[in-house]
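Participant: Let chain A serve as the given structure and place chain B on it in line with the hints.
Protein chains in written order, with our numbering: chain A, 1 to 537; chain B, 538 to 1074.
In short, the hints are calculated from the structure, not lab data.
Idealized CB from N, CA, C, for every residue including glycine.
Do not rely on the hints blindly, as some may be mistaken.
Chain B residues, not near chain A, derived (Cβ > 12 Å throughout) [unchecked claim]: (1) Arg544; (2) Asp598; (3) Ala601; (4) Ala677; (5) Cys698; (6) Arg857; (7) Leu1007.
To give a feel for the contact side, a few chain B residues facing chain A, derived at Cβ under 7 Å [stated by the list, open to error]: (8) Asp701; (9) Arg705; (10) Arg748; (11) His781; (12) Pro782; (13) Arg810; (14) Arg886; (15) Thr951; (16) Ile1028; (17) Ala1033; (18) Tyr1042; (19) Asp1052; (20) Ala1056.
2 protein chains.
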Amino acid sequence: MQGTRERSIWAWGWRDKFPDDAARTGIAQLVRAMVPTLAPAMRALPPEDPAVPAPGVPMPDELAAFATQDPRSRATRSRGRAFPDLVAGFAGDYAGAPDLVATPRDGAEVARVLEVCAARGWACVPFGGGTSVVGGVDAALARGDRGAVVSLDLNKLAGICELDMTSRLARIGAGTLGPALEAELETHGLTLRHYPQSFEFSTLGGWLATRAGGHYATGPTRIDELTHALSMVTPRGLLETHRHPGSGAGPEAARLVLGSEGALGVITEAWMRVVPRPRWRATASVAFKDFTAGVTAARALAQSGLAPSNARLLDANEARMHRVRFDGTSVLLIGFESADHPLGAWLARAVELASDHGGVVVSGPTERDDHDPHAGTREGAGAAWRQAFFDAPYLQSSLLSIGVLSDTFETACTWSQFPELHARVVTAVQRALDEECGGGVVSCRFTHLYPDGPAPYYTFVGALRAGGELAQWRAIKHAASDALAAAGGTITHHHAVGRTHRPWYDRERPALFGDALRAIKRELDPRSICNPGVLVA
Amino acid sequence: MQGTRERSIWAWGWRDKFPDDAARTGIAQLVRAMVPTLAPAMRALPPEDPAVPAPGVPMPDELAAFATQDPRSRATRSRGRAFPDLVAGFAGDYAGAPDLVATPRDGAEVARVLEVCAARGWACVPFGGGTSVVGGVDAALARGDRGAVVSLDLNKLAGICELDMTSRLARIGAGTLGPALEAELETHGLTLRHYPQSFEFSTLGGWLATRAGGHYATGPTRIDELTHALSMVTPRGLLETHRHPGSGAGPEAARLVLGSEGALGVITEAWMRVVPRPRWRATASVAFKDFTAGVTAARALAQSGLAPSNARLLDANEARMHRVRFDGTSVLLIGFESADHPLGAWLARAVELASDHGGVVVSGPTERDDHDPHAGTREGAGAAWRQAFFDAPYLQSSLLSIGVLSDTFETACTWSQFPELHARVVTAVQRALDEECGGGVVSCRFTHLYPDGPAPYYTFVGALRAGGELAQWRAIKHAASDALAAAGGTITHHHAVGRTHRPWYDRERPALFGDALRAIKRELDPRSICNPGVLVA
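Pulled out of the complex, with its shape left as it was, chain A reads as follows (with noise of 0.2 Å):
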């Protein structure tokens, strides 16, 4: 599906699928209507086939049957997607593309990609999907000082290698793209039901490797919490952990991998916790005349036991955004799913505890049985609120094509600190729209629910200032960053660290995990050649 169908070299997601002259004009008057203060304006696109520079050294012989030096090649595998990613690209800038582009069929291939980077002191970055919104792939960065960058592309590593239906788990390899894995998984009634946003483009080893967030609202929602057990190739050799549903020996070993971003080595395999497909499903929508009342009924689903796999909370800004309510209400959207037994008794009581807090049901209670004749086409609304979930960061790429910057970041902290988190970083953020882009516009929605605490997802949007693309995010995002820090919260909770989080990840990071994941590091790399400049060093 891949091979035929090319990505964009600088936009999110399929090049097809970015908006035409006519489609861009489209969303610039959307943009007016909705936020009168931003004046979108139409920007020449960049080439699709721009000039990337020579590699700097040579291919190396022990790489040549599996590894490329082609320009576009490299260009691709150049960085991620965050915003910074975009104005790079839009620039049409590739001179910091890696050197080579490795593709390794194996586990032992991929050892000798880091052998061959260990021995000449090269920096090695694992590439996934590149969807990267942290700088976690970034070449130019992870440079350095190095003589070479080799992108190791898990590509060739993909598929489902082994199934055991018994104890539904499945052994995947780390390359799997996200469509692909689902498709092969469907075949035998199973799903991971793990959907981030990047779900179309990145793979089950960046899941792993960033600890990932899915698609469960409350519950087992990280990727983590979905993996049995796992391998990871180091400079030092293969770590696989041992497999077991649940042991007390020791601190967990697979916990160290989940969230190493490469920076320990490469992540080539997992034993995943499959499911079989939902045939339930349960939902409403409970709206809010203020965005607080809505927290409080948040919190009381999250603290109920109930645990619906969606319970999304959206504020005023946010439902008019997804087009949800546009009176100024914000919505709770509750689902509930499984295969095994309808979901009457959950969704009511859901409901009822939303209505308690000042809810008023705008949408359901409706359940859906997919064994049922009369039920209607199996996906219906949940299909086209997914489309739209992952259609959103292509309108990222195509807003900074008429000079819109929008940008999302995450956090999660207590029911106790949400309050004044909240209050400082609209503030904050607000305060730097309006001193960077001449005003703009702050949202907020709960996108996963815990028993002590919310994960609050904010998304921002004001004009772009031509030549200031990179200046005006940046002081917007240090400025969340640091109101995010001031308030308690942790600086993601399920986009990464990678590059962009460094400065407040080390000072949220006790000093002391530090200096062990620093002894870890070089332990099991040695030479500091894989994905350098992330986690640590």
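Facilitator: Below, chain B alone, put in the same frame as chain A:
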């Protein structure tokens, strides 16, 4: 409470709860009736006031304000409550007692103990409730070639320090014993609901250090999952993890501390996720003609998404020993509980699932609402079961005193692995019992269920040979552990590694993760004074 009642110096639990001669005679008769091959014989009990060697070092001035060299204090911190510990205690052997017992009153005094130990090269053994069944607090084994051993007792760092009702979080001292913790939480209508079998005599810090398995049979059961943040004093200083409900910022720091078993430092306090005390409880028991059918039903329940709080499968021997069933059937005990909602729909589906797999309901389904004045006493059967559960360790001491060997071990494996693992383990243990004890009984229950596999828990009973107790136990323990390892099970699901499980843990642990742990140990505990012999080196 602890102050007015004395713990036995050698046996499990309260000294006044140890059965008198008449009661022990009764136990002997009962054992003979249940296992005809056993011939229990009363043994003389050891002195409760044994000889303790003089300390090998004088009291350092820096610790004098909060440490003692009193013989009894030192004797009671000599070891935990593993079978070899009971044998040593029964023999009155306190040759390895620690040289002094420090009872720091705050984190600064904990740090001072570590400073003194580091400066002098002494071993420091953190001591919570002293209930380790794996040699985790063994002063003699910690000593090695070190000049002295300091037992660092955490009992002064106890109680709830801070409460966040909104976020349902409590900051709790690591030395807090289970009953004191629950009593204090109850005054706020809260509970941690973490009930390891050692609950009465173990501490929060011990649960955290050993990744204890708790009350819930499915869902969040391990103490890890109830932990919001924690503090550990290391020889290099304080490691305090960031407070958040969930974060994707790097590998999770708390997960390095959890399971570190005192080898990296001393856990002093933690923010724990607490919940309102349950109001509704729904229960049922389902019998199966054969264990295999029960296993299949347990698997269906674990994979249903219903997340019962209790789901224990007892094989026929366990059912008999627990006085639940005497007809050779296996039994699945199912329980749900909630502070938020009645559980009829949940239990009905669970019972239906069990019935679909050949089960016959033998008790319930019943649901109790604590707010219903006609519901009877709030505790009832639950309290009786809980008491029997907590009393089981007492029985082990009593059996030893009448010449009967009894012990337990546990593991976790995938559902696919279980049939072969079970066959191997039962065969190996039965053969060892036959060889070492001239026969005996081995039984199995599932204490915890995961979607990808069960946590089988084995109990074995045989006749002791006077003077050969340790050799007998070792032979059986080795046979069991080798069988677990050969079949792919983890060496421990919730008893921890300590010193007993080290040989198997060292093979189970990925070699490179072992290297990583050693690197961390060198970083945080450069003089290697923290619980030497545990986890690494």
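Participant: Does each hint hold? Answer for all of them.
Facilitator: These are the hints, each one checked on the structure:
1. Annotated as non-interface, Arg544(B) keeps its C-beta farther than 12 Å from every C-beta of chain A; the closest such distance is 25 Å.
2. Even its closest Cβ contact with chain A, about 28 Å, leaves Asp598(B) beyond 12 Å, as expected for a residue assigned away from the interface.
3. Against chain A, the non-interface label of Ala601(B) holds: every CB pair exceeds 12 Å, the least being about 29 Å.
4. With a minimum CB-CB distance of about 22 Å to chain A, Ala677(B) clears the 12 Å threshold, and the non-interface call stands.
5. Separation of Cys698(B) from chain A is adequate, the least Cβ-Cβ distance of about 16 Å exceeding the 12 Å criterion.
6. Non-interface call for Arg857(B) relative to chain A: holds, since the shortest CB-CB distance, roughly 28 Å, exceeds 12 Å.
7. The beta carbon of Leu1007(B) sits about 24 Å from the closest Cβ of chain A, which is more than 12 Å, so the claim that it is off the interface holds.
8. With 7 Å as the threshold, the beta carbon of Asp701(B) comes within range of chain A, its nearest partner Cβ sitting at about 5 Å, so the hint holds.
9. Taken as an interface hint, Arg705(B) checks out: its beta carbon lies about 6 Å from the nearest beta carbon of chain A, inside 7 Å.
10. With a least beta-carbon distance of about 4 Å to chain A, the hint placing Arg748(B) at the interface is held under the 7 Å criterion.
11. Look at His781(B): its Cβ gets to within about 4 Å of chain A, closer than 7 Å, so that hint holds up.
12. Proximity of Pro782(B) to chain A holds as hinted, the smallest CB-CB distance being about 4 Å (cut-off 7 Å).
13. Among the interface hints, the one on Arg810(B) holds; its C-beta lies about 6 Å from the nearest C-beta in chain A, closer than the 7 Å criterion.
14. For Arg886(B), the suggested interface contact is upheld, since its CB lies about 5 Å from the closest CB of chain A, less than 7 Å.
15. The interface hint given for Thr951(B) holds, since its Cβ lies 4 Å from the closest Cβ of chain A, which is under the 7 Å cut-off.
16. Because the beta carbon of Ile1028(B) sits about 6 Å from the nearest beta carbon in chain A, less than 7 Å, this interface hint is met.
17. A distance limit of 7 Å between C-beta atoms decides the matter here; for Ala1033(B) the minimum to chain A is near 6 Å, and the interface restraint holds.
18. Contact between Tyr1042(B) and chain A, as hinted, is supported at the beta carbon level, the nearest pair being about 5 Å apart and thus within 7 Å.
19. Hint status for Asp1052(B): holds, given a least beta-carbon distance of 5 Å to chain A, under 7 Å.
20. Restraint check, Ala1056(B) versus chain A: the minimum CB separation of about 4 Å is within 7 Å; hint holds.
Hint check: no violations occur; every hint is consistent with the structure.
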